[in-house]
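Trainee: So the protein lines, in turn, are chains G and C.
Just add 73 to the spot in the first sequence (first one is 1) and you have our numbering.
Just add 896 to the spot in the second sequence (first one is 1) and you have our numbering.
I should point out that these hints are in silico values taken from the structure, not numbers from a laboratory.
Source: prediction; values computed, not measured.
Ideal Cβ positions, reconstructed from N, Cα and C, are used throughout, including at glycine.
Check before you lean on any hint, since a few could be wrong.
Quick list of the computed label-pair ranges, beta carbon to beta carbon [as the list claims (entries may be wrong)]: (1) C:D1054 with G:V300: 19 to 25 Å; (2) G:G288 with C:D1054: 29 to 35 Å; (3) G:D200 with C:P1381: 58 to 64 Å; (4) G:G194 with C:D1054: 38 to 44 Å; (5) G:K126 with C:S1062: 27 to 33 Å; (6) C:T1268 with G:G389: 55 to 61 Å; (7) C:R1057 with G:G288: 51 to 57 Å; (8) C:P1341 with G:D178: 43 to 49 Å; (9) C:T1268 with G:F311: 57 to 63 Å.
Far from chain G, by Cβ distances over 10 Å, these chain C residues were calculated [claimed, not checked]: (10) T937; (11) A1227; (12) P1293; (13) L1330; (14) L1337; (15) P1341; (16) V1344; (17) V1348; (18) L1352.
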Amino acid sequence: MALALGSITVRYGRTTAVDGVSLEVADGEVVALLGPSGCGKSTLLRTVAGLEKPSAGAVRWDGADLAGVPVHRRGFGLVFQDGQLFPHRSVAGNVAFGLRMRGVDREERDKRVVSLLELVGLDGYADRRVTQLSGGEQQRVALARALAPSPRLLLLDEPLSALDRALREQLAVDLARLLRESATTALVVTHDHDEAFTLADRVAIMSRGRVVQVGPPAEVWSAPVDVETAKFLGCGKFVPGSFVGLDVARVGLRATALRVDADGPLSGTVVERVHRRDHVRLLVEIDGEEYEAVGPVSVGDRVRLAIDLDGVARVG
Amino acid sequence: MAQARAGLTLVSARTGWSAAALLPLAFLGLFFAWPVLAIVTLGLREGGVLDAVLAGETWELVGFTLGQALASTAVAVLAGMPLAFVLARCRIRGLGFVRAAVMVPFVLPTVVVGLAFRTFWPDGGVLPIVLANAFFNVAVVARTVGGLWAHTDRRAEDAARALGASRPRAFLSVVLPALAPAVGSAAAVVFLFCATSFGVVLVLGGSRYRTLETEIYLRTVELFDLSGAAALSLLQFAAVLAVLVLGALARRRRETALSLRGREELARRPSGGEWYVVLAAFAVVAALLTPVVGLVTRSLSTRDGWSLAGYAALATRGDRGTLAVTGIDAALNSVRTAFDATAVALVVGVFSAVVLVGLRRAGGRFAEVLDTALMLPLGVSAVTVGFGYLITMDALPGDFRTSPLLVPLAQALVVTPLVVRMVLPVLRAVDERLRQAAATLGASPARVWREVDLPLVGRSLAAAAGFGYVVALGEFGATSFLARPESPTLPVVIARLMSRPGELNSQMAYAACALLMVVTVGCVLLIERLRVPSSGEF
């Protein structure tokens, strides 16, 4: 087990930001810390990096406690949400920084910079000023900079959140491929579940300083541990399992759980419709309750609805 | 127990920075607090301090000191506001010229400014004193207010206009309140400078119009009334401390109020009524340049018409040997002394700024105490400090009174606060996460400072050096007290020449002034080139 967090607690004065978190990351594994803002996930990441001191608990690497190891000797790479590139250095100067700190000679440094810029899709950018780059390019440079010294663990703090949506989705796919191909061990902090599921082998859901659920993305997605987690993962409505024909006490319905279908088992009246990117979202009244659904119909229509089990999550 | 450990690291970081803070405090203690306290105790021991404080004449002095400072501050703020607007909000031609023209008066030697105003008011008086003090400090207002103005979000003003506020109404109800902390902070600093201004009041007020500062000088040097001088020093110190505390409060509010935006986005061509403000700003610039031009003209004109006689006389010792050295020797001595002073001030100032940033990050109130302590020398009578040196420095190894470092140290005391004020905001503006990024890439704390902080503050450091240099070059109060007759600086020579009769002497003084001014303007132009956009508080 590469990284092992043992009951980490971080307190600032009276507030407890991280509350007894234990988590393990295996060699070559990518784990996402997913949770709403203020849940303590960034603090946990900074604690792993050595930028915060835990009030209790230990950060271990291959079994060795890192308490006495300062930030610059941990060999962990860190990528911030907004890059934090050195404004006084060129793209190449930024990427080569970690190599210089390690005393790598110039020739090898230059080679490594070229190959990393290629890896992040920025070949030929070496001599650009970082202030002239777009947000997405800056983030790629930040990633190349963190990867250059071959860190034993890569820490990513909301690496894509500052970018606009189209770019974010594109970069998430690129980043996932890159992490997998380089077999990098990584811990990613994000509040975006799409991003977490795209990048991670396992997802750890955090809420109010605690890790409430850990598991592979598909498992976390289809069976959230409690109502709060299910809400965070997009479930808007909670009903008994029998409503959708499942033999469980409670399920959460996402917006796509109900679909207009002439042969569907449920019937209701459309009370509102909103155009979304690639579908029309409806609000349908069934037996006096409002449900979200998708389908190409108009307000006031009587419709029949079918259940799409992809949009249904079993809740705890 | 674990919590105690985390608490301990924070406390130990604070202890470490506090220990580092002892170094600048030791410097202040040895070269500022000790001499000043020595003078004050000397006065107290003689007795009669209370009588002096209670004397009606003292309160007249206090009244005049505060009154002229208040008037000067008002003039400086009124003149500085249109300039702040133009520097912060307008994209027009000649902006670089305006910026340099505003900066020149602030660093001109006080004696030079005094003389420049004497070319228009040969007999001095209250009006020239107020105008000359304001003349110096317009730059402080324009820079401090302009700095904040350039970074406040214009959209708040646009929102007010969209809600139906007229332009003046939007200014009064939205812009001015947002700028208030900067205006307050600038006004406090200006008031301080005006209340303790020495050279200008001495040259323009003579023995008729006296402030606490010049009276301290007169009582110490000419009347040898130490208890009176000590009483006045105490009064002045109390007033200065009060103003500094108010200024620190305003600064703190300002730092929390900043919602920064890039400047380029905000500056635009003035429109409509804004042109009147631009016009007013250029009128102020013209007014600022008038004494400068007047001085140069005066240095070239004699009773017999245009002449370079004054400049030629710089190679001599003045009319019938007024001076112990030639003007050129004095100029060279000035250059050397200011260099030493700047070196000392840079070391102490940069170290203090680094410590202040560290202290603030570690938390605790000590940072503000140190910050205010570092500003104190600006507000204490330079004359008191100078005289204090004379009675204390012989206790240091090898009778420090004769050391060639005595004058540079006194000047460094005045320059250090300026260095701190210029470097500190830039250091503070460096995103902590940039340092953390460097650390995760393997840079040790010392390496982080060298690779991140130093390159980023480099330009403001160079600007602070240039700025400090010209201030040291023009320092008059303490230098006039400490410079030995055989190694005077140029401002001291100018004052001596003016106090002696002889057409050639005054001609030589004006030429020396012009010379100092050329050096000063050169330095300012250089600083402007080095200026980091939107940094520094002056």
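Trainee: Now, for every hint given, state plainly whether the structure supports it.
Mentor: Structure-based check of all given hints:
no.	hint	verdict
1	C:D1054 with G:V300: 19 to 25 Å	44 Å, violated
2	G:G288 with C:D1054: 29 to 35 Å	50 Å, violated
3	G:D200 with C:P1381: 58 to 64 Å	59 Å, holds
4	G:G194 with C:D1054: 38 to 44 Å	39 Å, holds
5	G:K126 with C:S1062: 27 to 33 Å	55 Å, violated
6	C:T1268 with G:G389: 55 to 61 Å	58 Å, holds
7	C:R1057 with G:G288: 51 to 57 Å	54 Å, holds
8	C:P1341 with G:D178: 43 to 49 Å	25 Å, violated
9	C:T1268 with G:F311: 57 to 63 Å	59 Å, holds
10	T937	44 Å, holds
11	A1227	38 Å, holds
12	P1293	41 Å, holds
13	L1330	5 Å, violated
14	L1337	4 Å, violated
15	P1341	8 Å, violated
16	V1344	8 Å, violated
17	V1348	7 Å, violated
18	L1352	6 Å, violated
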